[in-house]
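Read top to bottom, the protein sequences are chains A and B.
Mapping of the first sequence onto UniProt numbering: position 252 corresponds to residue 252, and the numbering continues sequentially without gaps.
Mapping of the second sequence onto UniProt numbering: position 109 corresponds to residue 109, and the numbering continues sequentially without gaps.
Worth flagging that the hints you see were computed from the coordinates, not collected in a lab.
Mixed in with the good hints, there may be bad ones.
Stated by the list, open to error - DSSO-like, lysine-lysine: derived pairs with alpha carbons at most 27 angstroms apart:
hint, chain 1, residue 1, chain 2, residue 2
1, B, K79, B, K37
2, B, K219, A, K77
3, A, K171, A, K159
4, B, K330, B, K132
5, B, K37, B, K276
6, A, K142, A, K249
7, B, K335, B, K456
8, A, K249, B, K276
9, A, K75, B, K456
10, B, K276, B, K79
11, A, K111, B, K330
12, B, K79, B, K190
Said to hold, decoys possible - Each pair of labels, with its calculated beta carbon distance range:
hint, chain 1, residue 1, chain 2, residue 2, range
13, B, V380, A, K171, 56 to 66 angstroms
14, B, S225, A, D139, 50 to 60 angstroms
15, A, G45, B, V380, 45 to 55 angstroms
16, A, E52, B, K455, 27 to 37 angstroms
Each residue gets a CB set at the ideal place from its N, CA and C atoms; glycine is no exception.
Each chain is listed here by its residues.
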Amino acid sequence: MYELTICHLYPDLLNLYGDRGNIIALTKRCEWRGIRVHSRPVSLGDRFSPDECDILFIGGGQDYEQSIIQDDLLKGKREAIKEAVEAGKVILAVCGGMQLLGRYYRTHDGKDIACIGAVDLWTHGSHDRLIGNLVFECDFLKKDGFDGLVVGFENHSGKTWMGPGVRPMGKVIAGFGNNGEDGFEGAVYKNTYCTYSHGSLLPKNPALADHLITLALKNRYTDFEALPPLDDSLEAAAREAMIRRLTGKQGSGR
Amino acid sequence: MKQRFKLLRFWAAVITAKCAIVILRLFKSGGTSLPGKLALKLYPQILDHLAGLFRVTMITGTNGKTTTSRIVLSMMEQKGLKVITNKSGANLSSGITTTLISALTLGGRPRFSHALLETDEAAFRTLAPRLKPETVIVTNFFRDQLDRYGELHTTVNNVREGISRIPDAVLILNADDSLCASLGRNAPNKVIYFGMGEGIYPESGASINSDAAFCIQCKSRYEYSSVTFGHLGHFRCPSCGYERPHTHVECSGILFYDSLGSHVEISGPDLRISVKLALPGLYNIYNALAGASFGLALGLDEKAIAAALSGFECGFGRMETIAIQDKELKMILVKNPTGFNQVLRYLLTQEKPFVLAFAINDRLADGTDISWLWDVDFEVLALMAERVRNFYVSGIRAEDMAVRLKYAGISTDRIRMEKDYRQLITRALQETGAGETCCILPTYTAMLDIRRILKKQFGLKEFWK
Numbered sequence: 001m002y003e004l005t006i007c008h009l010y011p012d013l014l015n016l017y018g019d020r021g022n023i024i025a026l027t028k029r030c031e032w033r034g035i036r037v038h039s040r041p042v043s044l045g046d047r048f049s050p051d052e053c054d055i056l057f058i059g060g061g062q063d064y065e066q067s068i069i070q071d072d073l074l075k076g077k078r079e080a081i082k083e084a085v086e087a088g089k090v091i092l093a094v095c096g097g098m099q100l101l102g103r104y105y106r107t108h109d110g111k112d113i114a115c116i117g118a119v120d121l122w123t124h125g126s127h128d129r130l131i132g133n134l135v136f137e138c139d140f141l142k143k144d145g146f147d148g149l150v151v152g153f154e155n156h157s158g159k160t161w162m163g164p165g166v167r168p169m170g171k172v173i174a175g176f177g178n179n180g181e182d183g184f185e186g187a188v189y190k191n192t193y194c195t196y197s198h199g200s201l202l203p204k205n206p207a208l209a210d211h212l213i214t215l216a217l218k219n220r221y222t223d224f225e226a227l228p229p230l231d232d233s234l235e236a237a238a239r240e241a242m243i244r245r246l247t248g249k250q251g252s253g254r
Numbered sequence: 001m002k003q004r005f006k007l008l009r010f011w012a013a014v015i016t017a018k019c020a021i022v023i024l025r026l027f028k029s030g031g032t033s034l035p036g037k038l039a040l041k042l043y044p045q046i047l048d049h050l051a052g053l054f055r056v057t058m059i060t061g062t063n064g065k066t067t068t069s070r071i072v073l074s075m076m077e078q079k080g081l082k083v084i085t086n087k088s089g090a091n092l093s094s095g096i097t098t099t100l101i102s103a104l105t106l107g108g109r110p111r112f113s114h115a116l117l118e119t120d121e122a123a124f125r126t127l128a129p130r131l132k133p134e135t136v137i138v139t140n141f142f143r144d145q146l147d148r149y150g151e152l153h154t155t156v157n158n159v160r161e162g163i164s165r166i167p168d169a170v171l172i173l174n175a176d177d178s179l180c181a182s183l184g185r186n187a188p189n190k191v192i193y194f195g196m197g198e199g200i201y202p203e204s205g206a207s208i209n210s211d212a213a214f215c216i217q218c219k220s221r222y223e224y225s226s227v228t229f230g231h232l233g234h235f236r237c238p239s240c241g242y243e244r245p246h247t248h249v250e251c252s253g254i255l256f257y258d259s260l261g262s263h264v265e266i267s268g269p270d271l272r273i274s275v276k277l278a279l280p281g282l283y284n285i286y287n288a289l290a291g292a293s294f295g296l297a298l299g300l301d302e303k304a305i306a307a308a309l310s311g312f313e314c315g316f317g318r319m320e321t322i323a324i325q326d327k328e329l330k331m332i333l334v335k336n337p338t339g340f341n342q343v344l345r346y347l348l349t350q351e352k353p354f355v356l357a358f359a360i361n362d363r364l365a366d367g368t369d370i371s372w373l374w375d376v377d378f379e380v381l382a383l384m385a386e387r388v389r390n391f392y393v394s395g396i397r398a399e400d401m402a403v404r405l406k407y408a409g410i411s412t413d414r415i416r417m418e419k420d421y422r423q424l425i426t427r428a429l430q431e432t433g434a435g436e437t438c439c440i441l442p443t444y445t446a447m448l449d450i451r452r453i454l455k456k457q458f459g460l461k462e463f464w465k
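Just chain B, with the same shape it has in the complex (with noise of 0.2 angstroms):
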């Protein structure tokens, strides 16, 4: 009896989160979490349920997460493999639900045997053990939003537990990144590691900000042989002895780089590629090999890997380019100081002059503290100013990103306001250059709004297809 119940309400769930999937649609609103709560406040062990019907990979991280899974989707594909994934970044419980749900036929029958699953850090914990992934993936941890995540250790912590319920997962991690691996120290689950071979990374980024310069055992100062960005590197604590573990897979070379990508060596005790990664920014080859590494755990021979490194798109939003006349527009989410350093970094490979803009937002989804934007090297600017033709700042905080412009030593002459979004794709592609680049850096809300316009005006694809 108890079990018909059960079945009944999981029915009910499923039928009033499709009824409101489909009338969001109706209206055009991409909303991904509405359907998800309806379902949650009619049968809150509804994720457990759904969990059941899928076999499960979850994917989280701070930064990377969206570009990851687009990468492992691809290597999913390459198997043949049937998969739901929650495209739009909508990664806390209430989105999932919202895409489990929409997998599902309207007799509660999966229509995908496998999800794919990007998962907010923050969430982590309590959905790790209610989703039983058979794999996990984790990216990387940085500095993030303080505000709403508190401290790093606990973000790590979060994770740590989550992973500590689900012991027959295999973990994926970056050995780079010494909150990352410790993850996989002492844990029953079989470990992946992933990172970048010593002294390859071109440019290194060893800050003073640096998260985790103290070693997370012994609170003794790490000794790094080789620093890629931030604290991710070959790091050795020389007191208590925890070190980069060895990889399983490795990018080994980087044989060239530009603005549009790079072609790297991929090796490891099974596999050794070379292959063109049609992603720009140094950043994404962890991601890439983060998908390398699910790639071998499912099994896929090398071509099979190098086949679908080398031909996925960009994540929603992370980084887009859409030709406008004989320009291209090109839109880069920044959400935390390492991203926006990498991004900055990726900028200095752009040859040609471009129009460079700034919305940054102070929303919720953003983050209500900006103060992180002290913690960007903004400096850099400085090595490619004269390729800028303006600097734009918009956002509900143009004014303090103007203020932190000046400070980073950008001449104030250059530095336009303009908070009208529509405004500022006009004003900023009028001053773009037939076959040069505008480039808008927005953080995550002010993204969704000139996405919107963007979408209305060029009829850039709707985000939830």
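Just chain A, with the same shape it has in the complex (with noise of 0.2 angstroms):
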């Protein structure tokens, strides 16, 4: 029986806008197949280590509580975190979380507030919000078999940019993205996958649940091939609606 460890960093502080959606997705989807999830939150004061971790969720958090692991995360999990990402750990960051994986947040007064620096991308604060549903076309997805067509909801003020040792997670179809300037959303450095996207994501997002899953089993499991595929027609039927009601297209239906 296959197992993985999913670890929540923060969970009672970076947990905005539904992000524990995506944790009971990847458990859920784990489950369905018969793959033991444990789950194990990584707060204020917890040790974080990389090698009891398959896949690592970051949220995003309000300026508040933000400011509260601040000290915590670059003093006492900083260089964890960093080993964890080169080390090809699945790490799925959203919104806040992509911004604290980057080198620093740029206020928009100017103030630059360090991060962890373990993606080359940096945020600077701006005075409009980005705020409404998402689609967006990722190139990885397809080469999975599926449309590529990811959705979910941005409400962010930060614009965040990356530096050449690091891909988008794909291309803006429908709403703002990283910065609404360049047309692209998302990061991808190794396996770590940084989005705005939350809504929550990965459950109307079955493919690209089942790609980081994928991932991180075969990260473990060196005799590892493919996952199972799951009935997700209602999650086709949520995912398909937005596509449809943002781009006035049809999606392929997976």
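Join the two chains into one complex using the hints; note that each chain is given alone, in its own frame.
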């Protein structure tokens, strides 16, 4: 029997916008296939050890909560998280989580807040807020045999940019994406996936959820090949409805 | 001269708004904001002018505003006061202006002595200094529609700023809510705190998604000796010592509760009563406590407070029941995770089988972001799945709700999608057995749509009355 450990970073502080839906989706989609999941909250004062983690999830928090974790994160967990990223651990970081993995966050009055620096991306605060439903297209999901479209909801005032070693997660079809300017959404570095898309992201985008689970199982089990398919008709209906609404086009149904 | 011009403008604005109210009613529209908007356009200072004509009480906070208003109203009625209220949830400046204008004679004289105004928490900052209330009740603060209100602390600080400009107002605050209680700290105002007694709340709902686990003063993690739900409870900060204040009105015992209501003891230095609340849902005890605190501030005696508490109706759409032949249809508004969780807990008290329908919209008034559905503990539905005949999903985001139920462990063959509200009501009622209940849980705009259909089909009374 396969097993995976899913760590949720600061679940009591970084838990905006239904972030835990991503953990629920990963867990359920494993359980429905007989894969045992251990979920582990990693909060203030807890040690994070990359060796005991297959998937790490980092969500976003309100400014007040993010200010509480600042010290614990940078002094207690920064090195371990960098190590996990470099070792190719599967990581999903949403919204504030993506910003935290980057190098710094520059507030709109020009103050730089140091971040983890595990991924070569950075964020500049702005006065406009990028809010709304979002559809973007991911090539790596097309390679998995899907239509590659991912739906979600974004709500951020930070605008994120990335260096040459990092690829965007997808191309914006409808919505703003990382900065509302370059047409890209999210970032991928090794097995670390970052995005502004909540909504919650994974329940409605099962192809992406399965992509992450597959990577994690391949990391841990050399004999693992592929996940058996599930009946995703409800998920497909929810995803399709939003694709139709935002683009006027039909998705391929998967 | 200037004074006379002002009066003229006031009168012109009042007449215009009054005409608009009459016309809107002729067309059977419950429009509550347009007349006020017109009046504000014609005379931007009209609210300050209007406020001077009434003795004002304001109620704000995330959850329970409407129900608390109803209870406070029945307290005022015990005292024999003549009160105008904004009953239908018209709680922004335009709706409040409409309400106050409708309380004037054609000559611009007030027909009521008191105004009881439910106020949107985001609008409170600007409205409080203009309305100059004698009393302010703040029910609680929970995360709500982040796309509209922004961060929770911003909302709390907005209300704090509004309060700082009305130092003479009496504040009635929830002691169990560390965010709400903090409004009374260092404020020159007279404060009445209400709360739940230690350890008497039967279901502890401590949640990892707590909205305020960390001290608002020093950011240390609070310690709790007792939790009711969400972040409400007997909190104490081990580092700076900020703690739940002593209460003046406290629920000291829950003798009984079921799906129809509860029997509670309420006590404090100045009162001790035992009263049956005809309001289902334990969260409504908080609203009753807020109401009792107001009664105390008003100078009512124990008997009058108890009488007011035991005899009032539910607020508009928050929970209303209509009998349809031998079945009943219940509609309960849902708008944020904490409120939704309390509704689900309430459903646990249903003993008979029932049909459960969700109608989720994502229009502006509902919040365009529906991510919050993932913060609701739908997993508790598994505890009552046997009693639920079927699960219906409806509204613009019916598909999302279906996915949420699936991941909460509800078998997909029990989830029915029906986007047409008329069909939804027909199908859901068909599956409801004799003597059973069909529960519809809509978001705000879905509630308005469903209500319109219920009004036509079953003669539900119109909501502005």
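Hints and how they fare:
1. B:K79 to B:K37: Given pair K79 of chain B, K37 of chain B is violated - Cα atoms ~33 angstroms apart, limit 27 angstroms.
2. B:K219 to A:K77: Roughly 19 angstroms separates the two Cα atoms, so the pair holds.
3. A:K171 to A:K159: Roughly 16 angstroms separates the two Cα atoms, so the pair holds.
4. B:K330 to B:K132: violated (38 angstroms)
5. B:K37 to B:K276: violated (41 angstroms)
6. A:K142 to A:K249: holds (17 angstroms)
7. B:K335 to B:K456: Given that 27 angstroms is the threshold and the Cα spacing comes to 25 angstroms, the pair holds.
8. A:K249 to B:K276: violated (56 angstroms)
9. A:K75 to B:K456: violated (63 angstroms)
10. B:K276 to B:K79: Given that 27 angstroms is the threshold and the Cα spacing comes to 20 angstroms, the pair holds.
11. A:K111 to B:K330: It is violated: about 53 angstroms lies between the C-alpha atoms, which goes past 27 angstroms.
12. B:K79 to B:K190: holds (21 angstroms)
13. B:V380 to A:K171: 56 to 66 angstroms: Check failed, 40 angstroms falls outside 56 to 66 angstroms.
14. B:S225 to A:D139: 50 to 60 angstroms: holds (54 angstroms)
15. A:G45 to B:V380: 45 to 55 angstroms: violated (30 angstroms)
16. A:E52 to B:K455: 27 to 37 angstroms: violated (59 angstroms)
This entry does not satisfy hints 1, 4, 5, 8, 9, 11, 13, 15 and 16, going by the numbered hints stated previously.
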